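Asks: Below are the chains, spelled out letter by letter.
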Amino acid sequence: MTGEVDLDRLADYVGGALDGTPDQAALARLIATDPLWTRAHADLVAADAGVRADLAVLAAQPEPLPSDVVARLSAALDAEPPLTAPAPADPRAHLSVLPGGRATSSPVRRRWRAVAGVAAAAAVLGLGAATLAQGLRGGGPTTMASNSAGRAATPSSAGSAASLAAIDVRTSGFDYTPGMLTALGASVSARSSGSAKTESRANTLSVPEAAGRPTLVPEALRRLTDPDARAACLQSVLARYGGTAILLDYARYEGSPALVVLLAGAGGAPAQKWVVAVGPNCGTGGAITDQLYSGSVG
Amino acid sequence: MVDGGTERRDPRDDAALMHAHTAGDPDAFAEVVRRHRDRLWAVALRTIGDRDEAADALQDALLSAYRTADRFRGDAAVTTWLHRIVVNACLDRMRRRHARPTVPLPEVDRTVAPSVDRDTALVVHAALGQLPPDQRAALVLVDLQGYPVADAARVLGVAEGTVKSRCARGRARLAVLLGHLRDPDPAGERNPVGQGDVPSRTGNASGATRVGKEGGK
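Quick mapping for you: the protein sequence lines, in order, are chains A and B. Quick note: the first sequence, position 255, residue 255 per the working numbering, numbers continuous. Convert by adding 1000 to the 1-based position in the second sequence; the result is the number in the working numbering.
Treat the hints as calculated values from the structure; they're not laboratory data. These numbers were taken from a predicted model, which means no experiment stands behind them. Misleading hints may appear alongside valid ones.
If the Cβ cut is set under 7 Å, some of the chain B residues that face chain A in the computed set are [stated by the list, open to error]:
#	residue
1	1024
2	1091
3	1120
Every residue, glycine too, gets a C-beta built ideally from N, C-alpha and C.
Throw the hints in and build the complete structure from the sequences for me.
Replies: Written out as structure tokens, the structure reads:
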């Protein structure tokens, strides 16, 4: 093939689009033997380098998203409803954690079973479930699992059984990481299935032991041991994510004092578990305000 | 929501945020957007060539991503998925307006080296607007945004060889537009912009040369 040079083919050749194809060899032969193609190839190679240099100049120009476009995108996305409605399907699910809330026996029993699952799974993991929830009717704590991790340092205000009924309250002393929070939730999920297999699987989760960890409520979280403050915090968490709080841990998250809240039935989906870590100011002004972590589980 | 630059950094990775978004977390998607918005904006602006159109395309794309997040299966990076949606939104808009260049090529004396890179950037930006949309999109991803060919192929949904071909032919066309290569078709007989994926610049009406099909394996 001689004569006119097909620059598209030549560009493909120069750009490596023909590598490994029969056309690559054919073009190489033409370039080697046909002076017209030889010159065109040399010209294009030189021009290609010039274009790449020009493109590099443009590429080096920063193109941050302009503030007016940021505002416009924010408004557009804010107007979108969440994919899953955050309101719980069963409004009674809120009752056990709201100030003065009362629950009927049926949902309470369901929560109780869930709490038992939480505690058992935590024991398997060595998480140090210090105390199971307060008795449903103000009785003393039912120790489901107690190990070296720390003993029932239930917050002083936890005597308000009405606000903590059926919630597993802990002071594990953990300094949680995202992975630990996921493992915590996973253990709950695994245990909930009730099979020996899942229990065994839970044992393999790599939640580190926390030898020597403190068991008291971090000083910065004292505010959240007050029943009203705690209720306001939980209410703000539930308002955002829905469901029922089944576990509270006065601990830390990545070094910061944090109240870890495990939710069941988040977003109105019965099987959806969600874990939230909030800081000491949670609930002030009726909002979470101090969220450190939020993620689905399972 | 998207502009929460002072908020504490969310520790979740992109995939976890997308999962949280589909589960109803009202903040998760905004965090994903916050992380990638500048790159997505640059892709949109450089692909479509017009600021207002780029803003429209980006908004369309992000709303689409927000609403269809449940289709994200996690078999590709979230960034790849988002780039694909943004690029497609841009290409749709460009095709709807018949890919007419919106930015005229400035009159710049190429015999004088530009003293300011910004001048070169403006010229190159305008020249990109003369390319067929598919070539432009490939060049933006690979040569401007620096994505590997394989990633660009995933974004564009074509073979890697096709990306290489589009980039190579786009650069050859830019070489003419930017004065690095003599125009082999001064009579303007090459395929008009936007018609066909790859315009021939040989302009040989006799059929002795042909308009090459896209390369690629």
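Asks: Run the structure past the numbered hints and jot down the numbers of the failing ones, going up.
Replies: The structure conflicts with hint 2 only, although it agrees with all the remaining ones.
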